[in-house]
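With the first letter of the sequence shown counted as 1, position 142 gets the number 142 in the UniProt record's numbering; the numbers rise by one all the way through.
Just so you know, the hints here were simulated from the structure itself, not pulled from any lab data.
Some clues are possibly wrong.
EDC-like mimics (lysine to aspartate or glutamate), calculated; alpha carbons at most 16 Å apart, straight line [claimed, not checked]: (1) K171 - E158; (2) K72 - E31; (3) K72 - E33.
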Amino acid sequence: MPSPPGAVPVSGTTEGAHDAAAPALTDLERETELARVFDAHRTTLLRLAVLLGGESDAEDIVSEAFYELYRKWNRLRSPDAALGYLRSTICNLVRMRVRRIQVVRRHAEQSVEMAESAETEVLLRDDQRAVVLALKALPSRQREALVLRYWLDLREAEIAAAMGISAGAVKSHVARGMAALSRSMDDRA
Numbered sequence: 001m002p003s004p005p006g007a008v009p010v011s012g013t014t015e016g017a018h019d020a021a022a023p024a025l026t027d028l029e030r031e032t033e034l035a036r037v038f039d040a041h042r043t044t045l046l047r048l049a050v051l052l053g054g055e056s057d058a059e060d061i062v063s064e065a066f067y068e069l070y071r072k073w074n075r076l077r078s079p080d081a082a083l084g085y086l087r088s089t090i091c092n093l094v095r096m097r098v099r100r101i102q103v104v105r106r107h108a109e110q111s112v113e114m115a116e117s118a119e120t121e122v123l124l125r126d127d128q129r130a131v132v133l134a135l136k137a138l139p140s141r142q143r144e145a146l147v148l149r150y151w152l153d154l155r156e157a158e159i160a161a162a163m164g165i166s167a168g169a170v171k172s173h174v175a176r177g178m179a180a181l182s183r184s185m186d187d188r189a
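Can you build the whole structure from these sequences, using the hints too?
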């Protein structure tokens, strides 16, 4: 396959000369080849990283891609495959960073939405404590019916089966429990 216009060959080999895996190079030869690829393609690869969305850390992405190439050099089918490996590695690294940024932003937005003032949080906790205390004061059947209905969001038939009572009894326990809970909360206010 011909090289793209302006591409600098990675080594003096001719195209198609390496059908099998590249012969293992010494550390010095590998570093020399890698330096040659770096010098010839670094700027183009930086532009690629920036254009794909890695504006803020394009240099880190390209450096990481070269590090991965260094680690896996002897697995390349030929030294001519180095540029393709670098390009695909840069694409993958940018995708991973963009995803990570999106997740961080999504969580940050949720945190901001959920954040309340300290005063609101304290008041909310006080109200929650009051509801829990009022629930604990209810007769056990009323408490069970309310918890199953409003905390676990079960339907009347499911509550009846869980409590071993009729659906009509569930309605009665829920109504009585809500009335008692309401009175208890009104007394608190």
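Assess, step by step, whether the Cα of K171 is no farther than 16 Å from the Cα of E158, and give holds or violated.
-> Given that 16 Å is the threshold and the Cα spacing comes to 12 Å, the pair holds.
Restraint status (C-alpha distance of K72 to E31 at most 16 Å) | Holds, at about 12 Å.
Taking 16 Å as the top limit, are the C-alpha atoms of K72 and E33 close enough?
-> holds, 13 Å
Going down the numbered hints, you'll see the structure goes against none, and every one checks out.
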